[in-house]
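Chains as they are written, first to last, in the numbering used here: chain G, 1 to 557; chain W, 558 to 1114.
Since the hints were derived computationally from the structure, they do not count as laboratory data. Note that beta-carbon positions come from the ideal geometry of N, C-alpha and C, so glycine has one too. Be careful, since some hints might not be right.
[Stated by the list, open to error] Each pair of labels, with its calculated beta carbon distance range:
| no. | chain 1 | residue 1 | chain 2 | residue 2 | range |
| --- | --- | --- | --- | --- | --- |
| 1 | W | G992 | G | R259 | 55 to 63 Å |
| 2 | G | N9 | W | S603 | 24 to 32 Å |
| 3 | G | Y206 | W | R820 | 42 to 50 Å |
| 4 | G | E501 | W | D731 | 50 to 58 Å |
| 5 | G | N219 | W | T769 | 32 to 40 Å |
| 6 | G | S361 | W | S938 | 39 to 47 Å |
2 protein chains.
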Amino acid sequence: MKNINKINNIKIIPLGGLGEIGKNITAIEYGEEIIIIDCGFTFPDSEMYGIDIVIPDVKYLVDNKEKIKGFFITHGHEDHIGALPYVLQQINFPVYGTQLTMALVESKLIEHKMLDICELNVINPNDILQIGDLKVEFIRTNHSIADSCSIAIHTPLGIIFHTGDFKIDFTPIDGKIIDLARYAELGKKGVLLLMADSTNAINPGYTMSEMTVGETLNNLFGKCTGRVIVATFASNIHRLQQIINSSQKYGRKIAFSGRSMERISEIAINLGYLTIPEGTLIDLKDIKLYNNNKITIVTTGSQGEPMAALTRIAASSHRSINIEKDDTVIISATPIPGNQKPVSKVINDLTRKGANVIYKSIEEIHVSGHACQEELKLIHSLLKPKFFMPIHGETKHLIQHGKIAEEMGLNKSNIFIIENGDILNLTKKSARVTGKVHSGKILIDGSGIGDVGNVVLRDRKYLSQDGIITIVVVIDRESQAILSGPDVVTRGFIYVRESEELVKDIRFVANKTIEKCINSDITQWSQIKRNMRNDISFFIYGKTKRNPMIIPIIMEV
Amino acid sequence: MKNINKINNIKIIPLGGLGEIGKNITAIEYGEEIIIIDCGFTFPDSEMYGIDIVIPDVKYLVDNKEKIKGFFITHGHEDHIGALPYVLQQINFPVYGTQLTMALVESKLIEHKMLDICELNVINPNDILQIGDLKVEFIRTNHSIADSCSIAIHTPLGIIFHTGDFKIDFTPIDGKIIDLARYAELGKKGVLLLMADSTNAINPGYTMSEMTVGETLNNLFGKCTGRVIVATFASNIHRLQQIINSSQKYGRKIAFSGRSMERISEIAINLGYLTIPEGTLIDLKDIKLYNNNKITIVTTGSQGEPMAALTRIAASSHRSINIEKDDTVIISATPIPGNQKPVSKVINDLTRKGANVIYKSIEEIHVSGHACQEELKLIHSLLKPKFFMPIHGETKHLIQHGKIAEEMGLNKSNIFIIENGDILNLTKKSARVTGKVHSGKILIDGSGIGDVGNVVLRDRKYLSQDGIITIVVVIDRESQAILSGPDVVTRGFIYVRESEELVKDIRFVANKTIEKCINSDITQWSQIKRNMRNDISFFIYGKTKRNPMIIPIIMEV
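Looking at chain G on its own, in the form it has when it is part of the complex (with noise of 0.2 Å):
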């Protein structure tokens, strides 16, 4: 007989997915067991020069390893699995999720050629798992990606339930409605915690079906004389496959374009998650040999990314696409915060090019994938938790979901707004956090993960704003005499062949630097760097109002 009874908290530990959009990943800890809820990366912020992802530091669960049981994945969006390749290679155990999930999860371990190290398990809806003392039950849920599940572990402390992203759509696009029946069960047999999606809790309302973006693209489908662009999220399989229905309707061929479109659509329509009929599908290359208003393409680039394709449509740079007079380009998404400015170019280039185009603002051709306001409160009502923790938001959103939560009767003392590292203990009675442990971001640049600090970080941007001057001069070692320079190179700050002037000018500052310092009997060269740094930062900034980062170099021979 265990000692299971004699466990008497369960401790939610998030690591990510907290006073942010994405990287979600939190850890449940009962005893000696560990179960990891998602494993995604965020994209980088715009501080973060040269960086191309950030995925969360999971220090603690390589510190507890020998507990963890596995990855229990919601879904395939990249912020929930994106982040699997790089902490599989620090603690490698077995990853669940539904058919859809594993393959956009098996297909991204291949391009990391990591498969044969990897154990994936697919899993149903309505399935539950044993892991060891704990039952994990995935449940059906709706959300932008197909086959997304909320998931429910059974403690002996009672439910802790995770709803991973989800909206409620009650005419979903492949029929499978979000299985609320399943979640009014549970919350009669007691929600101990719930954690719930909170990226639309600012919201008030309902977000609407995916269904009725369909009704538009028919509509407008039926408008178009010429080719239909369209652009959207490569994993909205729900999307496509409404976009491929409205151009079988008006016998439109479609053609895939961008890199992610061609392998995630390849992957939704082996799978059987998209239907294309017989014949439909054809190669980008062949678009010419049918009439303009026989073709869609559906493209990437809906967030106006600066290689995806229909930026490059845009600025004309694509290999098979240039815009025509009666191109009509669809973009079926909103821009995340921080792309409107780049989405906004890709409209405006695309209309001075000549296209129709139609966005969010013009037409409803687009929907979240997230709930609102009132269909949060169907969840709360539904699964009647005893304490009640938001996730997946900014600290704005969180806030918002405990005020909801709040309305729906919870007692303030119940709702817990932490953060990212804290620990949450909960006994069958009570909850409170009871500390922190390590948390944070790591940040990936080319195959580097890590090695970029705060340091570089901060080298970057100071050389961004007004570049850099290096100053290089050759010293002899005995006599101290200047043998050669020195010499100026500067790269962002000014062009200098405009500017030879300036650049001798400060040949003549790092000159007289020198020597003063040589005549006053100061010989270390840090001291010397240091001075001429200063003189001659002051020298440019007296000049110029600008700030370039200086490199002073002495080289002795």
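Starting from the known structure of chain G, arrange chain W on it as the hints suggest.
Then chain W, alone, in the frame of chain G:
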């Protein structure tokens, strides 16, 4: 008798404000006369590293200096007056505008120490100035700054009507409603060309009256038990007045925080645009003398600008304001595109510190200053122009405004969606684009005007991505032996203390390249440097998948 009747055409030459938001400036050229409307700057886009502001390139005006009659300013926003200190240095001609507008221009010229060399003329709305053969009429309009005007230029060929930025507000705070009667009168006389603000042309319906914000503010103030901190645009005098009114209603003292807030409120109070009851205005340093529920602080930073007061309050780096538990922060503005993330960060930081933060998604505490579609239709219906040219907007806004004009019955061939620099040539009966003049952006960085060009910007971007590696080597001129180095200095590439191995390898690669060159009788430094750059770049990319800038420097002694 002048040959005025022989001039049968008039040229409209926008030099800024088309295909962009900001940097508004338009030249209207009739025979030997040029009238300039507005002279604004815009903010750099995210790729313009280190640039402070962007002003229009006015080479065309400099080349045609002898024709210029003056600058006619519609209102005092930076995107309409901000380039004056730079442009007046090149073409110093009289500036005309309403009282508040000219006070703001004056304050700007004082800052640039230029006031004594410039001629500023205060006019009243309804004034008609005889400028050479033309009459320039200022007509009152509504906007998010007091004292805004449209401008009608009476020419022998017909009226050229420029709306400036505007909205229609039937209940403006100062009671001064847009002079629709005069619009109608001019429409009856016959408007040859209408140029109208397109900023909100994508938005259906009407922009709400500024007064509605006052009602929301009153409601909010009624509920606040601690301090109220309101962030808004300093130039939105009417908003300031409403904040003052609400404060007074609830017996609160007012303190201003932020340099532009202090500067502009002082100007507005002195000129009587802002009415503050005796004893209500207090100094920021005195807020501690009153109970929290008797204090309103009005601050800059509604756009999350890094150095603005609210941003510093949020980051706990403001000298005299720390967030306390019962503070209410009202952000009475919406983020302009590109600022969503910084504004969100400010909201999250304030929320985390315990403030109750009210922003546009939660309460209606802001209205736009620009006309929406139905207002634009009203203006079109009153002015009934023969030709129409949408202005003030990105391409997508201009196109949408063009569609509105078409819906209003204007022939498509009478609508001109043109670009900065295009010459729209009008006769009494015709209009067409007859050519293009030089136009463009001048980047201001520190005290430099236009000395940062594409090469410098490209380098700054490059530097910001993966940093820079400088490799210095000293070579004997005679023997070609390496006397010192190669030494490696990196910035923004990698944290060197943790990567000594890599730096050693780079030195090794550099050494090998130099030796190989010398052994193969390559003696041209430029060739050796090119080889070093290539070899090191290849090596580093292989090791790190990064592309830092590589600068080899060879010093001869």
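- Find the hints from earlier in the document that the structure breaks and name them by number, from lowest to highest. Hint check: 1, 2, 6 fail, others pass.
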